[in-house]
Structures are given as C-alpha cells and as structure tokens.
Amino acid sequence: MEKKPKILVIGSLIMDQIVVVKEVPQEGQRVFAKAFVKAPGGKGANQAVQAAKLGAEVTIIGKVGRDANGKELVRACRREGIDTSKILYDKTGMQSGCAVILLEAAPGKKNKNRVMVISGSNMTIRPKEIAFLKEEIAQYDMVLLQNEIPMEINEIAAEYAYDKGVPVMMKPAPVIRRLSKDFIKHLTYIAPNEQEIRSMTGVRINRSRGIFNLEEAKVASAIMRGKGYANILTTLGESGALLDAPDRKVYKKAAPNVKVIDPTAAGDSFVAAFCTRICMGESRGKALTFANYAAALTLSKLGVMSSLPTTAEVEKYMEANGKIF
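Numbering (my numbering) for the sequence shown: 64 to 388.
FYI, nobody ran anything at the bench for these hints, they're computed from the structure. This one's a predicted model, so the numbers in the text were calculated from it and none came from an experiment. Be careful, since some hints might not be right.
[Stated by the list, open to error] As a list, the in silico DSS-like pairs of lysine-lysine whose alpha-carbon atoms are at most 30 Å apart:
hint : residue 1 : residue 2
1    : 349       : 316
2    : 312       : 248
3    : 197       : 69
4    : 173       : 315
5    : 379       : 173
6    : 364       : 69
7    : 191       : 248
8    : 149       : 244
9    : 66        : 244
10   : 227       : 172
11   : 101       : 172
12   : 316       : 173
13   : 173       : 66
[To be verified] Simulated DEER-style distance windows between Cβ atoms:
hint : residue 1 : residue 2 : range
14   : 261       : 154       : 45 to 55 Å
15   : 192       : 276       : 41 to 51 Å
16   : 276       : 172       : 16 to 26 Å
17   : 373       : 346       : 18 to 28 Å
18   : 309       : 94        : 47 to 57 Å
19   : 93        : 171       : 46 to 56 Å
Built from N, CA and C at the ideal position, the CB exists for glycine as well.
Full structure from sequences and hints, please.
Okay, structure coming up:
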C-alpha cells in the first residue's frame, strides 16, 4: 500500500503519571510502589502518534496550558512528525491535562489499570476555535474523535466532516450513555470496548476462561445498530474484535500469547491502526487483524506513546505468528 493517508485527530493531550503497584491499597492502607513513570499521553495524542508511526500524515487539534507539561506534550507529538501547528493554547491560566494511572501488576495475575483524569485545558476548547475546519476538514481522509474534550466540539467537528463526505471514527471513552441523534448520524464508526458497549446498551458481554461471549457481543452491536449507529467496532481484549457493518459482520481473533504489561494505550493503538489501514485501502478484515496485532504489541510494553509500534514491528510480529499482510 503506497497511499499515505491524511488523518485529523481532534482530542486530548494529557500528561500521564503511571504508578506500578503489586496491590491496590485499601482505605487507610499504605503500599510501596514498584515504579513510577511520567509520560505524554491522552487519547487524542496517543491515536495521533500511533497513526503517524504507521505511515499516516497526521494533524492534531487539542488544547494545552502554557506550562511545562503542555510544552512536553507538543514536543512529543512533533517528534513523531505530527503537524502540531493547529494545537491551541489556553490563555486563562488553566493547566494542561494530566492523569494518574494506577497499574496493578500482581504476581501471577493479569495486569490491570485504573485511570483518573484531570481534564484541565482539554475541556476549554471553544467552537469558534475550530470554525476554520468547516472548509479545511475536506482535505482529510478520516477524522478521529474521543470523549476527553467537550462533546460540543465533537459534534461540530463530526457535522463538518459529514457535510464534506469525510468519514469519522469515535472512541466513546470515557463513555457517554446517550449521544444526540444528529451526532450518531454523522459518525461512520464507533469503537466501544466491552465495558463501554455495556453502558450504552445494557448488555453484559460475559467471559468464560478469559474469552468473551461472541453471541452476546453480536446482540449488543445489534442494539447499537437499532440506535442508528452505522459501523460498530467492538473491541474484546484477548477475544479480538467484532465489526458489525451494514452489509456483514467481521470478527477477527486477537494476537495469541500476549503478555499484558500495561493496557493503558492499547485501545488507542487499535483504533488508530484500524483507521490508518482502512484509509490506505486495506479490507476491513485485514485492517482488523493488523489493529489487533498493533494493540497486542502496545499491551506488552510499559508506557504510553513509547509502547506504540511502527508498521515494521507489527508486520514482523504478524509474520512470526503466520499472518500474511
């Protein structure tokens, strides 16, 4: 695939502060942490970096504060070749967004994370600050959105893109149970995980021996379709991913034998990888497989942006597992 897609990410830039512990402290309990890592992140920035590492020409729009974290967040994106010229700067003294991530790495158990976000400047984007996109958005092959910025901004951007025939991907995290009918109509893809789709449909996707029930996932996506969503891309962790499209359903298994070190950016890796490969002209099935393997590599490393793989790394991993790309 020779096409270099142009992708616009409108979303958050957040400085992540990761604390690794053997056990999560209970009320009044003090525990010793194993490690502390501070690294640039945020769903918008993560998706932008992943798309850039996979060969896309990426522009990011978000808002940072005029502080040290803001400078580092912008530098981190710029280092990956991302166009940061449209990043906004808060003028009111609001700090850049940050997050505290508690990574529970208990011996013999699957690593789990708990994330607390302080939105800061991410939630101060105003409609007039993205008004220029009404015409400019037509130059992009896809727009990626998430819920770590004001929903009003997502709605405006999706409408601009829809009017110009540009596909839109939405990662509904943190989850919002009810989205407007107009916004739903303007989305091309929505990519909830099993927890998010449960919040949006009421359907619990159960698991047995770590594997999710695919039939229950199909029921949940059918409910989403009834709500007006066009393409529902449900990510199921170690069970893979299910795309419920108008013409057919496509299910692809996850990469095998993945050792989970840090799940923090895996969802962002998956979404960005899928979108990049679709924009390059790849089939939905192949794009799903590629995205599964990209997310698996992200899971296997500690950190956020540093854990996001390149195309060469994903292809090598796929080849090692007998996958043809």
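- prompt: Honestly, do residue 309 and residue 94 meet the 47 to 57 Å range at C-beta?
  reply: Since the Cβ atoms of residue 309 and residue 94 sit about 50 Å apart, the hinted range of 47 to 57 Å holds.
- prompt: Between residue 66 and residue 244, is the straight-line Cα distance small enough, at 30 Å or below?
  reply: Between residue 66 and residue 244 the Cα gap is close to 34 Å, so the pair fails against 30 Å, i.e. violated.
field: Pair hint residue 349 and residue 316, alpha-carbon separation not exceeding 30 Å
entry: 11 Å, holds
task: Would you check the hint for residue 379 and residue 173, treating anything up to 30 Å between C-alpha atoms as holding?
output: Cα-Cα ~25 Å, so holds.
- request: For the range 16 to 26 Å, tell me whether the beta carbons of residue 276 and residue 172 fit it or not.
  value: 22 Å, holds
Range agreement (Cβ of residue 276 with Cβ of residue 192, hint 41 to 51 Å): Holds: the Cβ-Cβ distance is about 44 Å, inside 41 to 51 Å.
field: residue 93 versus residue 171 beta-carbon gap, inside 46 to 56 Å or not
entry: With Cβ atoms ~23 Å apart, the hint is violated.
field: Given pair status - residue 173, residue 316, alpha carbons within 30 Å
entry: 19 Å, holds
task: Given the hint of 18 to 28 Å, check if residue 373 and residue 346 actually sit that far apart at their C-beta atoms.
output: 22 Å, holds
- prompt: Does the Cβ-Cβ separation between residue 261 and residue 154 fall within 45 to 55 Å?
  reply: 40 Å, violated
field: Hinted pair residue 364 and residue 69, Cα distance within 30 Å
entry: Cα-Cα ~28 Å, so holds.
message: Just to be careful, I want the Cα atoms of residue 197 and residue 69 compared with a cutoff of 30 Å; is the pair within it?
response: Given that 30 Å is the threshold and the Cα spacing comes to 17 Å, the pair holds.
In this structure, the hints that do not hold are numbers 9, 10, 13, 14 and 19, in rising order.
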